[in-house]
Every structure is written in C-alpha cells, then in structure tokens.
Amino acid sequence: MPNFFKKPTMSGHLWIIYLISLILLGFIWYYQWMLGLMMTLFLAASIFYSVRTEQNMINETEEYISTLSYRVKKVGEEALLEMPIGIVLYSENYMIEWANPYMNKFTEEDTIVGESLKRLSDHLIPCVKDEEDEVWITIAGYKFQTIIKRDERLLYLFDRTQQTEIHNRYENEQTVLSIIFLDNYEEITQGMDDTAKSHINSQVTSILNKWAGDYGIYLKRTSQERFIAVMNQKILYTLEKAKFEILDDVRELITDQNVPLTLSFGIGVGPVSLPELGELAQSSLDLALGRGGDQVAIKDDSGKVRFYGGKTNPMEKRTRVRARVISHAMKELVQASEKVLIMGHKSPDMDSVGASIGILKIAQANDKKAAIVLDPEDIDTGVQRMVEEIEKDEDLWHYFIPPEDALEMVTNDTLLVVVDTHKPSMVIEEKLLSKTEHVVVIDHHRRAEEFIADPTLVYMEPYASSTAELVTELLEYQPKKLKLSMLESTALLAGIIVDTKSFTLRTGSRTFDAASYLRSKGADTVQVQKFMKEDLDVYIRRSKLIERASVYRDGIAISTGDRGETYGPVIIAQAADTLLTMSGIVSSFVISERSDGRIGISARSLGDINVQVIMERMNGGGHLTNAATQLEDTTIEDAKALLQDIIDEYFEGGDTE
1 MPNFFKKPTM SGHLWIIYLI SLILLGFIWY YQWMLGLMMT LFLAASIFYS VRTEQNMINE
61 TEEYISTLSY RVKKVGEEAL LEMPIGIVLY SENYMIEWAN PYMNKFTEED TIVGESLKRL
121 SDHLIPCVKD EEDEVWITIA GYKFQTIIKR DERLLYLFDR TQQTEIHNRY ENEQTVLSII
181 FLDNYEEITQ GMDDTAKSHI NSQVTSILNK WAGDYGIYLK RTSQERFIAV MNQKILYTLE
241 KAKFEILDDV RELITDQNVP LTLSFGIGVG PVSLPELGEL AQSSLDLALG RGGDQVAIKD
301 DSGKVRFYGG KTNPMEKRTR VRARVISHAM KELVQASEKV LIMGHKSPDM DSVGASIGIL
361 KIAQANDKKA AIVLDPEDID TGVQRMVEEI EKDEDLWHYF IPPEDALEMV TNDTLLVVVD
421 THKPSMVIEE KLLSKTEHVV VIDHHRRAEE FIADPTLVYM EPYASSTAEL VTELLEYQPK
481 KLKLSMLEST ALLAGIIVDT KSFTLRTGSR TFDAASYLRS KGADTVQVQK FMKEDLDVYI
541 RRSKLIERAS VYRDGIAIST GDRGETYGPV IIAQAADTLL TMSGIVSSFV ISERSDGRIG
601 ISARSLGDIN VQVIMERMNG GGHLTNAATQ LEDTTIEDAK ALLQDIIDEY FEGGDTE
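The opening position of the sequence shown corresponds to residue 1 in full-length UniProt numbering, with each subsequent residue numbered one higher.
Hints in this document: simulated from the structure, not taken from any laboratory. For each residue, glycine too, the CB sits at the ideal point set by N, CA and C. It cannot be assumed that every hint is accurate.
[Claimed, not checked] Only pairs whose alpha carbons sit at most 20 Å apart, straight line, appear in this in silico SDA-like list of lysine to any residue: (1) Lys-368 to Thr-456; (2) Lys-243 to Phe-651; (3) Lys-435 to Val-458; (4) Lys-210 to Ser-198; (5) Lys-530 to Val-570; (6) Lys-149 to Ile-85.
[Stated by the list, open to error] Simulated restraints, written as ranges between beta carbons of each label pair: (7) Glu-377 to Asp-537: 52 to 60 Å; (8) Thr-634 to Arg-548: 13 to 21 Å; (9) Leu-482 to Glu-394: 35 to 43 Å; (10) Arg-553 to Arg-306: 20 to 28 Å; (11) Lys-533 to Asp-367: 36 to 44 Å; (12) Glu-131 to Ser-595: 41 to 49 Å; (13) Asn-104 to Asp-608: 51 to 59 Å; (14) Thr-634 to Leu-154: 27 to 35 Å; (15) Lys-480 to Glu-279: 41 to 49 Å; (16) Glu-450 to Thr-411: 24 to 32 Å.
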C-alpha cells in the first residue's frame, strides 16, 4: 500500500530532536535550574503541540480514506451498472448467470439471466468452445465487439454500431470506374446506311441511359463503341446482386443481320487513386475482351478478378488486316532474334503440335534456326499417331527437342513462341519463360486470370476455331519462299479438324479459308483420319464411361469413372463429346481419376450453358462450349458433389464466376 494511505504517526526525526532536547535540558538544570525550568515548560508545550497536530492529521487522513473508499465503491457500482458496456457472466453450460442492466436495452424481456448464450447470438457458444478471444455479433440490429474472458467465464460487449456504419459508409462510397465497350459494333454497323446506324445508336444509348438512371450511375459516351461509367461501391454491389442484367437487355437488340449486339465491362475497384482505377478498368476490359466479350470483368487493387456473363459464343470479327499486321510483326521478331524455340502445352494435342510446326516454318522462311519443345514422356494417345508419322520424316523430326535440351539452348536473345495456351503453369517447360525476354503468345482460348508475364507480342483470338487456324493465316503473309510439305500442312489441318470436331463446332468462314489454303499445299484429309483413329480397347473404355452417365437437371449429363481406374484426358474429352451427341443432352461432364493422382473433369455444351464459367469455378478453364479442370486431394464422389453444387448455383444464382 502507498505511504499516502497509511495512518500517520509521530515522525521519527521529531523523537530524535526531543531526545536531544531532554539531554541538553539535563545539563541546563545542572548548571542553571531557573533556566532549566523555563526550558522544561517550553519543551512540554512543544511536545503537546506536536502530539495534537499529529492526532489531527490522523483524524483527517482517516476521514479522507473513508470518503475515498465510499466514492470508489460508488463509482465501481455505477461503472458496473451504468456504463454503456455490456457485461455478462455465464455458467459452465453456457447459461447467463448475471448481466448488467445495459444488456436489457437490447432484449424484450426484463432480464436475460437464466437464458442460454444463444439468446444473444448463435455464434457465441461455438466461439467460446473454439477458444477465440474476440467475436463480432449482432443483437437487435446493433453490432457488438465481444471480448471473451474464458477463465472468468465473462463477456465484455462493446457497441460498435456507429463505427461499423462509418466503415460501411466509407466502403460504399468508394469510387468505382467502369469502361463499357460495344464488342461487335463495328462489325454490325459495317455496311449499314446512316439511318439504320443511327437507330442502333439510339437504342443502345437509350437502354444504357435508363440503366444508369435507375442505378444512379454517371454515364458518358466517349466514342461510337465506348462509354465511361462512374459509380460507387454500393451501386456495384447492387449490380453484382442483379448479375448485370444490362448484358441481357442489350443482347436482346437483334440487328438487321439477325446478330445480337453485346457489351463488355471493365471495372476497377479499390482504395486507390483515380489514375490507378482507370488502369484497373482498362486492364479488366482487356481481360473481358480477351475472353470473348459479352461479360463483365471486375478487378480490385489486389489483382483479384470477378466475372459475370459470358453467355454467348464469340462472334467472328477477325480481319485480314490484323492477321497481316501480326504476321509482319512475327517476321520482324524472328529476324531480330538469334534463334526461335516453339513450345505448346503439357500433354499436347494435334492443334498444339500442328501450330508448333507452323511457327517452325515461319522461322525457316526467315532463315532462322528453330526447334520445337516436346516432352517424349508426355505424349498422349490422341496425338501418338501424328508423332509417329513425324518421326518417320527425319527432316522434320530432328527439329523436335526435349525440354532439357531447350534449357541449354535458350539465351536472352532467343525468341520463345508459346502456342495453344497462355497460362505459365500449362506450358511444357515453365523455366524457359524466365530465360528470355522475348516471348510471343499465340492462342485461341479465352483469356484467363493467369497469364504469361510481359509478353513481347500477343495474338489471342477466342473467335478462332484453333491455334492452327491462326498460324495458317500468319503463314500466308510470310516470304514467298515458304514451302509446306504434305505432312506439315496435314498436321496443321489435323489441328483444325480436331478442335472443330470435323468443322461442326466454333467454325467460321475463316476456318474454311485456312483449311482451303492447307489443302492447296497438299494436306491429306485421309491422313488426318488415320491420325484420329483409335484402338479398340480405347473405344470400349470410352463406351463404359458413357454407359455410366446419368442426367442431372434438364439436359445435363454427368458421367463418373470407376474408383481406382484411371483415364487419360483425351478419353474423357471424347466421352463428353459423344454424350453431347445424344438426344436431349445440351451439356455433358465426365469425371474420372487420372494417372497423376488428380481428378479430371471434361465439360462440353452446345452453347446454351457456359461450361467455361463452371470449370473456372473449379480452377479450370477453356471455352464457352469446351472446358476442363483437374482437382487435387479429392475423390470422384466429392468432385461430382462440388460440380452439382456449382451447376445449381449457375442456374439459380446466375452465370457468374
């Protein structure tokens, strides 16, 4: 206890002074008794005064302590009962034993004593059991920060409603910038007279202005096919909840060519500066357009992206001009490089191998050394016959090298061309990407969030049937000395035929133009059919997968392989394709175990269902009608249950990612 609160007594130094005084007084009495008598009277008065003063101090201190004790006790009672902080004591079985009067303000009853902690919140008891120290709960519309003192079985509840409202207001009023683009405006209005073009513009502007007015968005048209929209985070939440129905409204505008007009949104969000928001919005728009348009891409400052829409097949809008420009750029990059390395994706298919051979011919046409990276241990049965035929052609086969040799050959001046994929994790040898600063990406898949960093040139056309088709167009604008052998042109044609399912899916007029060019160069369609032949046991295994199919929802077929039996990606893809040819089936999913221990899912649709969106929810990707994924650390049963949940959400909650 501090000395201040101890009862005061006669100070020690006074007793010493009085003792010395008595000794001196004895000497005075001995030599001069009259003076000694006077000094004795004076000393007695002094002692009397000191004792009295000390007693008064003792009495005053005791009175002060008594008063202070009363006040402290009173304040403690007031704090416990009147402070705007909830205090709750609970028993071992989580029943409320005592609560201060403050807690009664949030309940209809006079007291909550005797009630379970569930009376306050369903989250309280689980949090106490999980040994959490803090939890946020809601009582009667109020937000409480609850501190849990487990040893004392005590809860402190702090009202944070106003703080939460301020935080929510700050979040809701953050600026959101959006760039809106009319995907196929130029193609649709090409050839229209001024009256028809004005009518389309008027309809689009009217729909967008009404949409902006309904949601309180500032909208400004900056060009014929581009708008700027400014909103806040709260409005964006509302738009996301409505699944951006404006996409559907604009798509219903059928033009004179009987082609729907589609929109793409690039939206930037986050607590960043306005220039940074603009960059996020533009980056999002590029991503949405790279995925085929007719969708919304929302990117925040952390780089995370959310997608909505993507319900339609991309409309073919490539022009000869773009192909010629890209081909010329490729020619300059090849000529400026020391050598060219070409790489496709893991477990390459005919499109990947055929496109690689096409790029090889571009390098040769420009007198540059080139090689194709191919892992001999990662060749699937679907492309085995093509590879075996290439092996017979020594002039072509010696250009194929394993990844180990490629890593030794690559230098900083090497041009690396990646075909049929744009994901670093999917390429045959990812280390090659970091060995050179010159990377070209040529792909026909919809752009995903994962993308090769800082490519020198990107030629991505989700409107194309295959990468082989894109490369074939590039070949047409290379030097005239370019010569394609029968096998080389057949490999390119095989890539187109396989990816279009013999010209039945994702086939445009440019697809037939490319096929016609290859046929004129000696491509053998009979040889393609030989490449595509399959073994009898493969046919039987695929038939077993088809036999196990069942219909989930309307027109959705789901097939699962036997536990313990592995299937290659080609077989499950073929099974999904076959299921799609059945009457009444609009979409198919095939699930099986893979040799690498993962669970593979192959998805197909006729276009009414966006299987790309569904597969991306399972960390996969692909096209609207053709997609796949691989799952780790799961079983066939769990993968099927997850797929069914995502399909349910797709139909009940909208087409989102």
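Hint-by-hint comparison with the structure:
| no. | hint | in the structure |
| --- | --- | --- |
| 1 | Lys-368 to Thr-456 | holds (18 Å) |
| 2 | Lys-243 to Phe-651 | holds (12 Å) |
| 3 | Lys-435 to Val-458 | holds (18 Å) |
| 4 | Lys-210 to Ser-198 | holds (18 Å) |
| 5 | Lys-530 to Val-570 | holds (16 Å) |
| 6 | Lys-149 to Ile-85 | holds (15 Å) |
| 7 | Glu-377 to Asp-537: 52 to 60 Å | violated (22 Å) |
| 8 | Thr-634 to Arg-548: 13 to 21 Å | holds (19 Å) |
| 9 | Leu-482 to Glu-394: 35 to 43 Å | violated (21 Å) |
| 10 | Arg-553 to Arg-306: 20 to 28 Å | holds (25 Å) |
| 11 | Lys-533 to Asp-367: 36 to 44 Å | holds (37 Å) |
| 12 | Glu-131 to Ser-595: 41 to 49 Å | holds (43 Å) |
| 13 | Asn-104 to Asp-608: 51 to 59 Å | holds (58 Å) |
| 14 | Thr-634 to Leu-154: 27 to 35 Å | violated (43 Å) |
| 15 | Lys-480 to Glu-279: 41 to 49 Å | holds (43 Å) |
| 16 | Glu-450 to Thr-411: 24 to 32 Å | holds (26 Å) |
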